[in-house]
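Asks: Generate the whole structure from the sequences, applying the supplied hints.
Reading the sequence shown from the start, the letters are residues 5 to 184 in the working numbering.
Rather than coming from a laboratory, the hints here were simulated on the basis of the structure.
Computed spacing ranges between beta-carbons, pair by pair: (1) S132 with L184: 24 to 34 Å; (2) D167 with W145: 28 to 38 Å; (3) L165 with D115: 24 to 34 Å.
Cβ atoms here follow ideal geometry from the backbone N, Cα and C, with glycine treated the same way.
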Amino acid sequence: MDTLIARLGVALAIGLLVGLERGWRERDAPDRSRTAGIRTFGIAGLLGGLVAALAEALNAMSVLVAGFLAFAGIFAWYKAREAAHDEDFSVTTVIAGLAVFTLGALCVAGDFRVAAAGGAALAALLASREILPGLLKRLTWIELRSALVLAVMTAIILPLLPDRPFDPWGGFNPREIWLL
5 MDTLIARLGV
15 ALAIGLLVGL
25 ERGWRERDAP
35 DRSRTAGIRT
45 FGIAGLLGGL
55 VAALAEALNA
65 MSVLVAGFLA
75 FAGIFAWYKA
85 REAAHDEDFS
95 VTTVIAGLAV
105 FTLGALCVAG
115 DFRVAAAGGA
125 ALAALLASRE
135 ILPGLLKRLT
145 WIELRSALVL
155 AVMTAIILPL
165 LPDRPFDPWG
175 GFNPREIWLL
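Replies: Next comes the structure, spelled out in structure tokens:
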């Protein structure tokens, strides 16, 4: 699975998956009225992979940065043009397009498994458009604060806890107790 062709295939698949979600959401819109659908997102993922491959071949990360900035500029311009026409100023599609390009680049220049997981998570997050606002409306401040405290404690305190026993019998390991 470690060939360039396979990695580019994963980059394309990520784009197609996200594009499938975006295209399905706007499936009733007239043809040529959407900025990006399944083909555009598929191309974005593949383009990210190709630009990363070119950057690696030339040993110049500036190629990847320039490719990302060019893609971002063109994609944002088209989306802004569509938004002005439709009076729909959501930035989600632009961010998703940039993420797909980046995940496509990660397929080639990094760990394709992380990129594939990121693509699946991105598609799932985009598909949860109706679920998440309802969740926010039902969430109380106490529940939110409790989740934030737990996240901060786990992200900040857990790495600082010693991972060795503190008693003569070897039964009190602060890190293991925290993980319980």
